[in-house]
Structures are given as structure tokens and as C-alpha cells.
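Participant: Listed here are the chains, written in short residue letters.
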Amino acid sequence: MIPAETAPLLTLAGVSRSYGPLQALKAIDLAVTSGQCIALLGVNGSGKSTLLRIAAGRDTPTTGQVRYDGQVLREDALAARTEIAVVGDASSAYPDLTVREHLLIIAVAHGGGARSPDLADAALAECRLAEQAAALPGWLSSGQRQALALAAVLVRPRRLLILDEPEQRLDPTARRWLGELLAREKARGAALLLATHHVELAEAVADEAIVLLDGAVVGRGTPDQALAALR
Amino acid sequence: MMPTAAVIEVPDSTDATIGLLRGLRHGHVRKQAASVAYWLYLAGLTVLVYGGWLVAAIVRAIRRPQPPAADTAAVLRAVPAGLCALALLVIVVLLWEAGWRGPVTVSQPTADWLLDTPVRRARLLRPRYRVSILTRLLAGAATGLVPAAVLMSAGLGRGGTGRSLRLAGATMLGTALLAALGTGMAALAEARPGWRSWRAAKLIAGGAAAGAAVVAALAAVASLPSLVGSVLLWSGPWGWAAQAPVALSGGSAPLWPVALGLLALTSAVAVAAGDRAAAAVSASALRARARTIGSMSAAVANLDARRVTAAYRAMAGGYSRVRFMLGPPLRKELVIPWRDVVALARAPSRLAWAAAVSLAAAGLGALATQAPRSGLLPLAGALSLGYLAAAGFCEGARLDADDPRRSSQLPFRYDRLVWWHAIVPCLLLAVLGGIPAAALAAAAGKVRLVPLIAVAVLVLVSGALVNAYRGPLEAEALSYGFETPFGSTGSITVALWYITGPLLSVGPLIWLSYHAISASGRGAVIGPVVVSLVLAAWLGAIATRRARRLHAAGA
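From first to last, the protein sequence lines stand for chains Z and C.
Residue numbers for the first sequence follow the numbering used here, beginning at 1 and rising by one.
Residue numbers for the second sequence follow the numbering used here, beginning at 1 and rising by one.
It should be emphasised that the hints constitute simulated quantities derived from the structure, not laboratory data.
Where a beta carbon is used, it is the ideal one built from N, C-alpha and C, also for glycine.
Don't take each hint at face value.
Within a straight-line C-alpha distance of at most 20 angstroms, the following computed EDC-like cross-link-like pairs (lysine to aspartate or glutamate) qualify [said to hold, decoys possible]:
no., chain 1, residue 1, chain 2, residue 2
1, Z, K186, Z, D69
2, C, K31, Z, D96
3, C, K31, Z, D214
4, Z, K186, Z, D214
5, C, K332, C, D415
6, Z, K26, Z, D214
If you want the ones that stay clear, here's a sample from chain Z, every Cβ over 12 angstroms from chain C, calculated [to be verified]:
no., residue
7, K26
8, A27
9, D29
10, T82
11, Y94
12, L97
13, A125
14, D171
15, G219
Sequences are here, hints too, so could you generate the full structure?
Facilitator: Structure follows, in C-alpha cells:
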């Protein structure tokens with residue numbers, strides 16, 4: 001029997017996805033354990049985002065199965081909503097609520113209770129958005145909106161982080177900070193599934209890298225080994 | 001909050017979250033309420049100013065019902081099937097709406113910020129479903145006014161103001177209950193998006209509505225066995241809804257209170273089932289619908305009909321596509337026709353629709369030539385349908401106009417593409433509409449009309465191309481115009497923007513064709529044919545100018 005701490009938190013077994021005649025993913029196997037980071041690398045259209053959507057339960061695989069903590073993953077299940085944090089495409093925002101108020105809502109919704117204001121303020125400071133706390137989302141730059149999406153992850157509990165190109169729209173300094181943030185998350189026990197075009201980020205954070213091409217795995221191993229396949 | 005490797009348990013914070021959101025958005029909600037009140041006021045004012053005569057006619061009909069006329073008996077015979085058709089139509093509309101929008105929707109920010117949290121879905125979604133039920137009950141009741149007015153204006157439901165009011169109340173109650181029933185079913189459909197039975201139900205209900213309309217028409221012209229009416233009235237909720245109005249109109253429906261009770265019970269069950277299902281609508285469905293509504297709202301705000309349709313098609317799955325392959329052409333001149341053929345062949349449902357409309361246009365055209373003096377209405381119908389078919393065949397040009405960059409690598413000037421895009425629509429409209437119309441005209445001994453039919457094809461396609469290349473509406477278009485006691489004429493500018501093509505092609509063609517059909521002798525056609533040819537060339541030039549402007553704007 002596998003000890004609880006080494007048992008995979010998220011498992012994808014033989015997952016494929018077709019859209020009509022287009023096969024976006026071909027029989028992917030993947031397992032992430034707590035405290036581990038797997039990076040997905042590949043050119044645009046290689047299937048990274050499709051794989052992440054399936055891993056988050058937001059899309060249904062054509063074949064294969066996704067299990068989270070031993071159970072078949074359902075996006076609407078309470079466990080998924082409580083424990084899986086997703087940073088994907090830039091999301092919309094309430095036009096009349098400030099940056100801090102957005103974070104407050106997420107913190108309260110996840111049971112933050114009286115600690116919610118402190119959690120929001122800490123996340124604002126961590127993501128260098130303290131000066132924009134009272135700003136409306138419409139006033140933010142695209143990089144600041146991305147930082148807000150990352151801050152929303154920090155005010156809630158999480159066991160698994162699914163990140164689709166989180167480095168997008170961030171400046172070089174912010175990218176370095178992102179690497180440190182993800183390393184801290186990993187060290188604290190979170191499992192990370194990360195799709196990125198930023199090779200340095202994958203090298204800095206990932207324990208394992210998977211290279212996708214046309215929906216199939218063409219390289220796998222340590223980031224260095226996988227990157228060799230990519231090159 | 002720290003990430004953790006252990007299972008996370010959080011307290012239920014649903015009430016706290018929704019309370020916080022409500023408190024923070026208090027000002028926004030007030031603004032929204034004010035906006036809704038303003039739009040209601042505008043709608044009321046519009047109804048009063050432009051539809052005041054209709055309201056007055058309904059009030060007059062209730063106070064002093066029309067005496068029975070010669071066709072009152074025919075209308076009474078058609079009432080059971082006619083009301084069933086209307087009731088089925090209400091259900092079809094609600095099931096269709098369930099496929100892309102539905103009664104359970106959230107805004108895009110709510111979809112992005114709250115659906116991933118442990119907030120209880122029931123608490124989030126059920127209030128939205130209940131608001132939908134309420135608004136659709138009201139809309140259903142308002143819809144019921146239409147058949148009530150028709151029945152009263154036909155001299156049915158006489159017996160004083162009280163009886164007229166009861167008839168109006170019965171039709172309004174019937175359609176309101178049907179709307180509630182349809183909304184409940186729509187919520188069930190929304191919660192089970194993969195359930196193919198709902199698509200089948202929509203098709204069956206649509207077919208049944210068409211069938212009931214045919215029965216109503218037959219009943220009006222010839223007396224059908226009373227059993228047919230009875231079967232329809234007891235065939236389901238649509239029939240139950242029709243029974244009270246039938247009885248109050250003087251028809252035979254002695255057990256209408258039972259039928260009304262059955263309808264109320266069925267609607268209540270559907271509403272309750274929908275209430276349960278509302279909480280089970282998946283986050284994916286809610287996200288997709290929120291995205292569609294967001295895109296549609298933006299397109300509506302910009303008065304961009306093309307993008308509204310595109311947003312709907314994206315959600316509804318678009319036209320069914322097939323893998324049609326056609327080898328690329330060897331001559332560069334054939335590139336655009338080849339692209340148009342491939343685009344049409346890969347969306348066969350659009351092609352089939354346009355083909356059916358072409359044939360209907362030919363049929364109506366034949367009707368117009370049979371009775372030249374009273375043929376204006378069928379002629380207008382035929383040419384309007386012909387325009388719709390031409391617009392369907394011009395999809396390739398529309399796609400080009402949507403994004404001029406798509407054709408930037410072609411060895412042609414962008415504005416010249418308009419003429420290449422005319423080839424396939426002209427051929428298709430000629431084969432599917434023109435040749436049948438010419439054959440029917442020849443069979444009726446009107447061979448002289450054949451050249452006119454041929455040039456009408458050119459005019460209709462040119463008109464469709466004018467509209468295809470209209471481009472997006474300018475943001476300040478509504479401000480063009482001047483103020484009148486009835487409001488700004490800016491809305492007329494917008495309407496003209498959308499109808500320039502049909503207005504400039506179908507309008508003159510009706511006039512020219514009517515004169516050609518009415519006059520006798522071969523020479524009577526020559527003038528209209530020449531003028532139509534000039535008209536086609538002029539419309540082509542307008543389309544070319546529009547294409548040039550689009551290209552300049554995109555460059």
C-alpha cells in the first residue's frame with residue numbers, strides 16, 4: 001500500500017480528448033503528488049491547456065480517467081472547489097468592486113471568516129498590489145490583472161494548483177517573484193501542475209517536465225532531459 | 001492561507017459570502033434597478049406612442065366586442081388547433097432558449113469568481129431561476145393578449161365586458177402557465193445538457209406546432225370531424241391551455257375547468273422539478289452561457305447583428321459541418337468561387353435552408369404571375385425570400401468582409417473580390433430559384449418573363465453583397481439624425497444601415513416586376529430588364545465601394 005503522503009493527489013490515466021476529427025490529446029498518463037511540480041512544455045496548440053482543463057475537471061476526456069485524491073474528479077464536487085485552485089485565462093471581474101474586495105469575497109467564501117481582511121491584505125502585499133488595493137479592475141494593467149488572479153489563489157486553502165501560463169503578461173522582475181512563489185507553495189506541500197512557455201520557470205520549479213507535441217508526449221523526465229527533447 | 005497536503009475542510013460560508021457581495025454591490029444593484037426602471041419606462045412610452053392604437057383597439061374590443069361577421073364561424077372552427085399551435089410554439093421557444101441561455105444564468109464575473117468556491121450552488125442559482133419564472137410568467141401572460149385580441153376582433157367571446165375580460169384572462173392564464181411549464185422544462189434541460197431527448201423534444205414540439213397550424217387552416221376552410229378538435233384539446237398541456245378560451249369563445253370544451261386544473265398541476269410539478277434541477281446546473285455550462293450572454297450583450301450594445309448571431313452559433317454548436325474536400329483550382333481566378341463552394345458545402349444545413357427558401361420564392365413567384373392584378377403580395381414575398389436565399393449563398397463574401405486580412409495574400413485587389421464572390425451565389429440562385437421560376441412561368445404561358453427572372457437573380461445577389469460588405473456599425477451611428485417629438489431619427493439611420501441591401505434591391509424589383517407582369521406584350525418586359533441590369537451594376541458598385549472602405553479601415 002502506498003503511504004498517504006506519497007500517493008498521487010491527481011492522476012490522469014490514458015486521457016485523450018477529441019474535438020470532432022481533431023485529436024487534441026493522445027493517451028496521456030500523469031500523476032502529481034503533494035509537494036511535487038510537473039511542468040507541461042510545448043508549442044502553441046500542443047495540448048497543454050486542454051490537458052489542464054481536463055485536470056481541473058473543466059472538460060471531460062474522450063477516453064481515460066481523472067482521479068483526485070482517489071476519487072473520480074468532478075469539477076462541481078465540493079472537494080474540488082475547496083482544494084483545487086486554478087489560474088487560467090485572465091478572468092473577468094466585477095467592474096464596481098475594488099481589487100481588495102475581490103480578494104475578500106474569495107477569502108470569505110473559502111471559510112476565512114474574521115481572518116479574511118488580513119488574508120486579503122497579505123495577498124495584496126505578496127503580489128505587490130498593495131497600492132492598487134482600492135483600484136477598480138478596469139484601472140489595472142494586464143500584468144496587474146494577472147497578479148490579481150494569483151493573489152486570489154493565496155487567500156484560499158489549496159492542495160493542488162493548476163496554472164496555465166501564469167507568467168503571461170508579467171515583467172521579468174515579476175516572473176522571478178512568481179518562481180519564488182511557486183517554489184514556496186511546493187515547499188509547503190501543494191501539488192503543482194504548470195503549463196508554461198518560460199523555460200527558466202520550469203527549470204527553477206519543476207521536478208518533472210512533460211513535453212507535448214500534437215497532443216502526444218514526446219519527452220519526459222527532469223526539466224533538463226525534457227527540454228533536450230523540446231530542442 | 002497555507003497550502004496543505006492534508007484534506008481541507010472549510011465551514012459553510014455561503015450566507016456570509018452572498019451577504020458580503022450584496023453589501024459591497026448595493027450601489028451597483030440600485031443603479032441596475034434604476035436602469036431597468038428606465039428601460040421599462042421607455043418600453044411603456046414606445047408602446048403608448050407607437051402602439052397606442054393597438055392598445056385602444058384591444059380595450060375597445062373588450063368593452064364593445066365586434067358583432068359576428070361572415071368569417072366568425074370559420075375562426076371558431078380553427079380556434080382549438082390554432083391555440084394549440086400557439087401553445088406549442090411557446091414551448092418550442094423556451095426549449096430553444098434552454099439550449100444556449102436557459103432560465104439559470106449567472107453573470108461572467110460571478111461565473112469566474114464564485115463558481116470555484118465552496119459556496120452552495122442552490123443558494124446561488126435558485127433565486128435566479130425564480131426570477132426567470134416570474135419574468136416568464138409575466139411575458140407569457142402578455143403573449144396571451146394576442147390571441148385574445150384576435151378572437152374578440154373576430155366577433156367571438158361576445159356577452160358583455162365581463163365575458164370579454166374572462167376570455168382575455170383565460171388566454172393570458174393559459175399562456176402564463178405554459179410559460180412556467182416551459183421554464184421548468186428548460187431548467188431540467190439546462191441541468192442535463194448532454195441529454196439528446198431535449199433536442200428531440202424541441203423538434204417534435206416544432207413539428208407538432210406546424211401540424212396544428214395546418215389543422216387550424218384546414219378547419220377554417222372545411223369542417224373537420226369534431227373528434228379532431230377533441231383529440232387536440234386533450235393531447236397535452238398545449239390542448240389544456242386552449243380549452244378555457246375555446247369554451248369562452250363559444251366552442252365546445254365542457255370540461256375546461258378540469259383541463260385548466262391539469263395544466264396548473266403540471267406546471268407546478270415542472271416548476272418544482274426545475275427548482276431542484278437549477279442547483280445542479282454544472283459550472284462548465286454556467287461559464288459557457290455567461291460567456292455567450294456577455295458576448296451577445298456587447299454585440300447588442302454595439303448594434304452588431306452579425307456578432308450576436310456568431311455568439312449564438314458558437315454556443316449552439318454552429319451549423320453542422322461535414323468533411324467536404326474539393327481539389328484546389330488550377331487558375332487563380334477560380335480561387336474565390338472555389339472557397340465559396342467549399343464554405344457552403346461544408347455547412348450543408350445552411351445550403352439546404354437557402355435552397356428551400358429559393359424554391360419557396362419560385363413557388364410564390366408563380367402564384368404572382370397567375371393572378372397579376374392581385375399578385376403584389378406574393379410577388380413581394382417571392383422577391384424577399386429570393387433575397388434571403390441570396391444572402392444565405394453569400395456567406396463566403398460575409399466571411400471575407402468580417403476580416404479583410406483573410407484575403408490580404410491573394411493576388412487581387414480587395415474590392416474586386418466582390419465580383420468574384422458574386423459567381424457562386426448567382427449560379428446557385430439561378431439553378432435553385434431562377435430555373436424553377438422560369439419553368440413555372442413558361443408552363444403558365446409567360447415565357448416573356450424569363451429574362452426578367454434572370455436579371456432578378458443578379459439584382460438580388462448584388463443587394464445581398466451590399467449588405468455583406470456593410471462592415472461594423474459606427475459607434476456614433478445612433479447620434480446621427482435629429483430630434484423629433486417622437487424621439488431621435490438616429491434609430492432610422494441604424495435601421496437603414498441594416499436594410500440598405502434589401503431596400504435597394506427588393507424594393508425596386510417589386511415595382512419593376514409588378515409592372516412587367518401586369519402589362520401584356522413582349523415589349524413590356526424590355527424596359528424592366530434593362531433597368532434591372534443597371535440596378536444590379538449600381539448595387540455591385542456600392543458593394544465594391546463598401547469593400548474598399550472596409551479594407552482601408554482594416555489596413
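Participant: Does each hint fit the structure? Answer for all of them.
Facilitator: Against the structure, the hints come out as follows:
no., hint, verdict
1, Z:K186 - Z:D69, "holds (17 angstroms)"
2, C:K31 - Z:D96, "holds (11 angstroms)"
3, C:K31 - Z:D214, "violated (49 angstroms)"
4, Z:K186 - Z:D214, "violated (29 angstroms)"
5, C:K332 - C:D415, "holds (16 angstroms)"
6, Z:K26 - Z:D214, "holds (8 angstroms)"
7, K26, "holds (20 angstroms)"
8, A27, "holds (23 angstroms)"
9, D29, "holds (22 angstroms)"
10, T82, "violated (5 angstroms)"
11, Y94, "violated (4 angstroms)"
12, L97, "violated (6 angstroms)"
13, A125, "holds (14 angstroms)"
14, D171, "holds (24 angstroms)"
15, G219, "holds (28 angstroms)"
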